[in-house]
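Novice: Here's the letter readout for the chains.
Number of protein chains: 2
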Amino acid sequence: MNPKDQDLPRRRFLRSGLAAGAALGAAQAVRAAPSDVAAMSKADPMHVVEPFYGPHQGGIVTPQQSHAYLASLDLVTEKRDELIGLLRTWTEASARMARGATAKPLPRSDTDIAPDSADALGLGPAGLTITFGFGPGMFISNGKDRYGLARYRPEALVDLPRFNGEQLLAQKTGGDILIQACANDPQVAFHAVRQLARMGDGAVQMRWGQAGFLSGPRGQTPRNLMGFKDGTNNPSIAKPALMNQFVWAKGADAPWMHGGTYTVVRRIRITIEHWDQMKVGFQEQVFGRQKYSGAPIGKKNEFDPLDLDATDKDGNPLIPENAHVRLSNDSMNNGAQILRRSYAYNDSTDFYIERWPPWRQETEYDAGLIFIAHQGDPRTGFIPINERLSRFDMLNQFTTHVGSAIFACPPGAAEGSFIGAGLFRT
Amino acid sequence: MNPKDQDLPRRRFLRSGLAAGAALGAAQAVRAAPSDVAAMSKADPMHVVEPFYGPHQGGIVTPQQSHAYLASLDLVTEKRDELIGLLRTWTEASARMARGATAKPLPRSDTDIAPDSADALGLGPAGLTITFGFGPGMFISNGKDRYGLARYRPEALVDLPRFNGEQLLAQKTGGDILIQACANDPQVAFHAVRQLARMGDGAVQMRWGQAGFLSGPRGQTPRNLMGFKDGTNNPSIAKPALMNQFVWAKGADAPWMHGGTYTVVRRIRITIEHWDQMKVGFQEQVFGRQKYSGAPIGKKNEFDPLDLDATDKDGNPLIPENAHVRLSNDSMNNGAQILRRSYAYNDSTDFYIERWPPWRQETEYDAGLIFIAHQGDPRTGFIPINERLSRFDMLNQFTTHVGSAIFACPPGAAEGSFIGAGLFRT
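Note that the protein sequences, when read in sequence, are chains A and B.
Numbering-wise (our numbering), the first sequence opens with residue 276 and increments by one.
Numbering-wise (our numbering), the second sequence opens with residue 276 and increments by one.
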């Protein structure tokens, strides 16, 4: 069969016998339910299929894939129907790509523009999830209610306050729509965003894009670029009760958000060169944890509970007052927990010229963390936690927040419907 | 055992029973000989060990790993002994990291600065190769022979000519020393460069760094970001005779380079947004190959030989005069072949402001290809091939060379010796 005539799936073995999209969807649902990290380690990560349709969007409590590409887009259309049409198109294309197919069926003729760039052909579904979020600008932009949605803006979708020390770049900040693609392959993740962005031509334009990765032995807490285990104290995605408590929105004032989540993205640049010159003991004071084991200072094992009251023989706190784990701990934040699902980023190097003596010229790593946090309400989650961290965290000596955005990620879509349908039917 | 007291390997299972570095080296040589792509597909890519020592450096004819980080460094020391000492240190650290260990043994006390950032702990050797190259500036820099090496500069290590259409950025171009780390994990690759760069503090400084990745089903030709199979016509790394003919330097005028290779690196930005708007048939004319199968135009299968004389019924060439495969083919270049071992790159997005009407503001993908080519002599390899391509290749409408560098990669080191020893003993 001529691949150009086909709804070409990315997985070679699917070419035989399975033609209809629906059949593909069923046949490929080898991991139709969210599975735990241990089970994941056994599967070929390129063959993993995460379901696209369901009560929640994927990519939020999904076991974290190894790569991500995030894009934030600005809406430029003024037409409500065009926005709805785009969300429908995106939903269908996302469901196709999640099962390993091209974004749209490939054209029958070479004289057409291909609706899929084909760079992910043959790579497999790779656990792809695509998560959509709506920024404040979808509801009101420069004072204008472009789509008649202003009155449905959830109170929890606040404009983030200015935080101490942040140095936000306009070209890495904000946006009306988030597309987060996560997959076990960088090209599969980027491919997804690239097709979706193209489909929005005329209705949206790219504001910022960001590639990320996560390296970690399966079943263990991954280490960030600072060499510390990151995510030890995350609420467990294996516990639905915790997810209901901290991650999923109740939708009190915005019923269309019931089962969705609020997502904060921060691009945090790390001065790796500086950090690497610090003594290990000091690094451990900064985090409040031991570097190699991940255990809290004074404890043995990574998952030993934090004892913030523990003191040394002189009565000084074992975990310093300004240590990262203390300031971010739920006991310091009225019990608030957020689900961090961050990726490292590595955008190569920047060249830097000092414009005063000694006119130093340096090349610096442009690397750090794409901090991604999901929560039921950022007003009790990220915002108060980061208010405290931004003022007191010792880690701030080595980190700079240069990008920021907030989105309301609606619940998942049922097959036949589309992401965000609840908002437009309100 | 306390990991801080140990020569902590990155692989957990190695912690038991194997302490001495030499024993580790032997025990971990599970893939001591270069193996073919098919064999590789069976192993867990995080557990693969590529030998560091040997007649050739790794990372040249090694089956290509999925990630890379390249760094180009400038020498700032004036002392020959310091340079030699650094190469010794780098060699030892590279051999350690290739077998999955930290760059140096971790410190016994928290009051020391750690010689390893620990972010790759637990990740496994991941097929890590580290390849060193020497740029023109090691031999002569601003007219100065800093290390007494000028007379050993190989003739093949030319300064690259200016090519038509290139738009080179100083901060992505040149450099005295190349460190190329390739691994099946992005953090393992970056980790290696980061430790080595730190060790050179005072003797070298970073000029540019570049992350890359390669997505492809194992055993198949990977597709580039333009959606075409890339590397089909590469000389086979499984054929040592071809490698001897095209890749390994003879060292005629520079015996210390015998068994080494000359490496050209080009950072080629691709206007992905523009390319995606082209009809598939036109894209195929540009490359001279069919997009989905990879077959030459007019043929059935990817590896069918190119027939550059084939014509259509009107007598026009099936493969256009300015198609990429025609212009780069060895029959057009006096039989020259180069071993391409490129990676895609994705440094997220750039924000761009037009300074004239209509004052457009756009965000563009900063993505493309880190073109890496190895050859016995660039004067008969990359240079004439790229001279022709830079003037006539239809692909130039969609690509811009923004970075460039050339290096002499010396042969491999025997255990106990160091990379480049032959040059300094000359």
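Just to be clear, a hint being listed does not mean it is correct.
The list cannot tell twin chains apart, which means a pair is met if one copy fits it or any two copies do.
[As the list claims (entries may be wrong)] Calculated cross-link-like contacts (lysine-lysine; reagent style DSSO-like; alpha-carbon spacing at most 27 Å): (1) Lys554 <-> Lys379; (2) Lys575 <-> Lys379; (3) Lys354 <-> Lys419; (4) Lys525 <-> Lys554; (5) Lys575 <-> Lys354; (6) Lys514 <-> Lys379; (7) Lys419 <-> Lys575.
Since the hints were made in silico from the structure, they are not lab data.
Computed from a predicted structure; not experimentally measured.
Novice: Evaluate each hint against the coordinates.
Specialist: For each hint, the structure was consulted:
no.	hint	result
1	Lys554 <-> Lys379	between (53 Å within a copy, 15 Å between copies)
2	Lys575 <-> Lys379	between (52 Å within a copy, 25 Å between copies)
3	Lys354 <-> Lys419	within (13 Å within a copy, 65 Å between copies)
4	Lys525 <-> Lys554	neither (45 Å within a copy, 47 Å between copies)
5	Lys575 <-> Lys354	neither (59 Å within a copy, 47 Å between copies)
6	Lys514 <-> Lys379	neither (36 Å within a copy, 40 Å between copies)
7	Lys419 <-> Lys575	neither (56 Å within a copy, 56 Å between copies)
Of the hints listed earlier, those the structure fails to meet are numbers 4, 5, 6 and 7, in rising order.
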